[in-house]
Amino acid sequence: MNNDYSLMKGNEAIAEGALRAGCRFYAGYPITPQSEILEYMSTHMEERGGVFIQGESEIASMSMIWGAAACGERVMSSSSGPGYDLKQEGISYLASYNLPAVLADVMRYGLGDGEITEGQDSYWEATKGGGHGDSRQIVLTPSSVQECADLTYLAFELADKYNTVAIILSDGAISQMIEKCYLPDAIEHDKDKYDWAITGYKEKDATKVKVTNMDRTIGHEAWNELMRNKFKTIYDNEQRWEEFMVEDAELVLVAYGISARVCKSAVRSARAQGVKLGLIRPITVWPYPDQAFQNMPESVKALVTVEMSISSQMAPDIQMASKFSKPLYGYLSTLYVPKTEELVAYCKSVLAGNENALEVY
Amino acid sequence: MAIRKKPEMINQQVGWCGGCGHGIVQRLIAECCEELGLVEKTVQVVDIACAYWSIDTLNCDGIAGPHGRCAAVATGIKKVRPEANVYVHAGDGCSYVIGLAETCYTAMRDIPITMIVVNNGTFGMTGGQMNPATTLLGDKTVSSVKGRDEKAAGKPFDMLKILETFDIEYAARGALYDTKHINQTKKMLKKGFENQRDGKGFSIIEILSPCPTNWKMSPVDSMIKLEKENELIFPVRVYKDRGGEK
Amino acid sequence: MADIIMAGTGGQGVLTAGKILIDIAAADDKNVSWTSFYSAEMRGGTAACCVVVSEDEIGTPYPDKFDILFAMTEDAYNKYIGDMRDGGKVIVNQSLFSTCEFPKNVEVYGVEASGIANEMGNSRGANLALLGAMIKGTGMMDKKKFGETLDRYFSKKGKASAKNLDCYNKGYEQALKI
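Chains X, H and U, in that order, give the protein sequences. Residues in the first sequence are numbered consecutively from 1, following my numbering. Residues in the second sequence are numbered consecutively from 362, following my numbering. Residues in the third sequence are numbered consecutively from 608, following my numbering.
Simulated from the structure, these hints should not be mistaken for laboratory data. Treat the hints with care, as some may be off.
30 angstroms max Cα-Cα, derived DSSO-like pairs, lysine-lysine [claimed, not checked]:
#: 1; chain 1: X; residue 1: 208; chain 2: H; residue 2: 551
#: 2; chain 1: X; residue 1: 348; chain 2: U; residue 2: 672
#: 3; chain 1: X; residue 1: 180; chain 2: U; residue 2: 784
#: 4; chain 1: H; residue 1: 366; chain 2: X; residue 2: 204
#: 5; chain 1: U; residue 1: 686; chain 2: X; residue 2: 339
#: 6; chain 1: X; residue 1: 208; chain 2: H; residue 2: 366
#: 7; chain 1: U; residue 1: 686; chain 2: X; residue 2: 180
#: 8; chain 1: H; residue 1: 547; chain 2: X; residue 2: 204
#: 9; chain 1: H; residue 1: 551; chain 2: X; residue 2: 204
#: 10; chain 1: H; residue 1: 577; chain 2: X; residue 2: 202
#: 11; chain 1: X; residue 1: 180; chain 2: U; residue 2: 752
#: 12; chain 1: X; residue 1: 202; chain 2: H; residue 2: 552
#: 13; chain 1: U; residue 1: 763; chain 2: U; residue 2: 711
#: 14; chain 1: H; residue 1: 541; chain 2: X; residue 2: 208
#: 15; chain 1: X; residue 1: 339; chain 2: U; residue 2: 637
#: 16; chain 1: U; residue 1: 763; chain 2: X; residue 2: 180
#: 17; chain 1: X; residue 1: 202; chain 2: H; residue 2: 551
#: 18; chain 1: U; residue 1: 637; chain 2: X; residue 2: 180
#: 19; chain 1: X; residue 1: 208; chain 2: H; residue 2: 552
#: 20; chain 1: H; residue 1: 366; chain 2: X; residue 2: 202
Taking the hints into account, I'd like the entire structure generated from these sequences.
The following block contains the structure:
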């Protein structure tokens, strides 16, 4: 760990975190609010001996990183909103051959063009998406600039460990925010270490690498088994979350990303006013940290999901994780970053029995 | 007549329909790679369409690109493995329709790969639908049952006219309807591989090729159609040869 | 320690003033966050950033209420004055301000920031003059230490100029409680 901090934006921390994790191939297309990732890569990739390409589309960019990933390189792309939609094709292809890759999805709010500002309504797309077919991707949600660097670094390790796509699910607020960041040490990645990668040279008698749907090469049953085991292993081993003052809480907030930051302020403020709030902050949202909800203290009367979405995209995951053991309420701030005192007031109102529980459907 | 030995690079039987041109193209590719001593360094990028069958048959590393994205996939590979002999084997749907942007931008970036486009005037793998870039006016397909109509679908377009205007190394069109043209096509392909070997830049070779199954013609009639009809719109010639000087 | 809103018109260096502030506070071992309110346009319109400086871990980088308002224009003042905590400090650029009645729950400091900048031949330095007024009005950092770090900030960016420090110092010296 580096003892000197840098003051940087969340997006820059993602890009620098990636470079320090040994990412040496980036292709992407500009879209607000993630363009700083692309810009940073364009400035710094070459000096680290890597390749930067500003693609003609998100679709082409994904195909470029799929080619590079098949060669064993550590690869990355990033986008937001409508641009991220176009990445789905590539995610499915990467999954079809178990190729590791890291994507950053910097959420902006709304449907269609929507807004260019912060939002958290691409949760479903990131956690349940992945294009056509049956695959899961690891999804990590930074809630500080420090975590932008740390979780990107981790994303490359996990992608490599499980031969999977790992997604950094950031948002317009975290991406544009400047904070102190202690950057991880740089490592070099050895692209020649894999037996499955295209190397550019194979002896005549050597087994050749055929990068295509793996179910074709190993058979459907073996493929199904491989996939099931992979998802289960990730589910069992990679749940990550932070608990904040849950031990004696009456009401536990559940939030990730920028909303979790507001929730921390709300917990502190409410406790100063004698109201016992706590916070569960998922850091992975796939796998969802079900373990965090398994032994909640008796004191907890209800849960409150705090999100910038219309439909409470995280609510079904919370209900599954808590096995419907507590009533679930929702503070859904849609287009706006939640307000601390408004949230505290809402929680008081929940405790006073004046709010309706969330209908999840 | 001397019978040429089958290239060792071809190590399996393949699944193309009888009379299809893809097999000839694959054989020419294998011959070129062997004659140039490039087999061990070769990486094929095949499109998820008829070209796909080549992935199992050629004894070299291969990757099946998402439909239309072969040039972009090849870009990723060539950038990470610049010593490799990277070629694309794709159809006219991949290269000129859904993937035209990828093809053009790979040309614009002058990525030193060899791109081989099989122009058979149809979407073969999906059952013979009209190809907006290459199906001739009046040609009947399952998505233009009365024949391609200009009002509804525009006219076919010679994409090499666009591609030759980029600052690329080489653009040419060959054809497979007789021995003379097959030999000429092989020379074009060889030139494309040599250009890559010599680090010269992007080469694209389009090949007029028959699809008897979807054209609903005999193999012989298909070859006649290629010569008498398709070549009128898609002339066989070298469009561009930069000669290595940028 | 302080929740600060800094606002003005695009091009006045409001966002830069915020970045200078966090640079200096971070070097002073504080935790900092800087968020901006951005719009699709690259230039023009209102510009604002929110700076949080804290000894502790920072919760929300978007505080509901502010301890300090740094207003480069009267519009910016009008927009945020209602969000001030009792006892908050308001720093206004009097060059772009008409006389008005200030609320009783805040202390207001003023300086002719744009005037100073023009006088010093550093027309883009009004933000620095107002930063000087802010350091004086809030006492949040030592005047000299802030000045030295300000100098280093510009040197790091390759934009070292004595005029910058002059603007800051003049702003500090001429700032008055209103």
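Taking the hints in turn, this is what the structure says about them:
Between the alpha carbons of residue 208 of chain X and residue 551 of chain H the distance comes to roughly 23 angstroms, so the proposed pair stays at or under 30 angstroms and holds. Proximity of residue 348 of chain X to residue 672 of chain U is assessed by CA-CA distance (about 20 angstroms); at most 30 angstroms being required, the pair is judged to hold. The straight-line distance between the Cα atoms of residue 180 of chain X and residue 784 of chain U is roughly 33 angstroms, outside the 30 angstroms bound, and the hint therefore fails. For the hint pairing residue 366 of chain H with residue 204 of chain X, the CA-to-CA distance comes to about 18 angstroms; that is within 30 angstroms, so the pair holds.
Restraint check for residue 686 of chain U and residue 339 of chain X: satisfied, since their Cα atoms lie roughly 17 angstroms apart, inside the 30 angstroms limit. For the proposed pair residue 208 of chain X and residue 366 of chain H, the alpha carbon gap of about 23 angstroms is at most 30 angstroms, so the pair holds. In summary, the hint linking residue 686 of chain U to residue 180 of chain X is supported, as the alpha carbons are separated by about 29 angstroms, within the 30 angstroms threshold. Proposed proximity of residue 547 of chain H and residue 204 of chain X is supported: the alpha carbons are some 23 angstroms apart, at most 30 angstroms.
Of the supplied pair hints, the one linking residue 551 of chain H and residue 204 of chain X holds, its CA atoms being roughly 21 angstroms apart against a limit of 30 angstroms. For the hint linking residue 577 of chain H to residue 202 of chain X, the alpha-carbon distance of about 41 angstroms lies beyond 30 angstroms, and the restraint is violated. A threshold of 30 angstroms between alpha carbons decides the hint, and for residue 180 of chain X with residue 752 of chain U the separation of about 20 angstroms falls inside it, so the pair holds. With a CA separation close to 23 angstroms, the supplied pair residue 202 of chain X and residue 552 of chain H stays within the 30 angstroms bound.
With a C-alpha separation of about 41 angstroms, the suggested pair residue 763 of chain U and residue 711 of chain U falls outside the 30 angstroms cut-off, and the hint is violated. Taking the CA atoms of residue 541 of chain H and residue 208 of chain X, the gap is near 34 angstroms; set against the 30 angstroms cutoff, the hint is violated. Between residue 339 of chain X and residue 637 of chain U the alpha-carbon distance is near 24 angstroms, which keeps this suggested pair within the 30 angstroms criterion. Restraint check for residue 763 of chain U and residue 180 of chain X: the C-alpha separation of about 17 angstroms stays at or below 30 angstroms, so the hint holds.
For a cut-off of 30 angstroms, the pair hint linking residue 202 of chain X to residue 551 of chain H stands: about 21 angstroms separates their Cα positions. In summary, the hint linking residue 637 of chain U to residue 180 of chain X is supported, as the alpha carbons are separated by about 9 angstroms, within the 30 angstroms threshold. Among the hinted pairs, residue 208 of chain X with residue 552 of chain H is consistent with the structure: their alpha-carbon atoms are about 26 angstroms apart, no more than 30 angstroms. Pair hint residue 366 of chain H plus residue 202 of chain X holds up; C-alpha atoms about 23 angstroms apart against a cutoff of 30 angstroms.
Violated hints, in rising order: 3, 10, 13, 14; the structure is consistent with all others.
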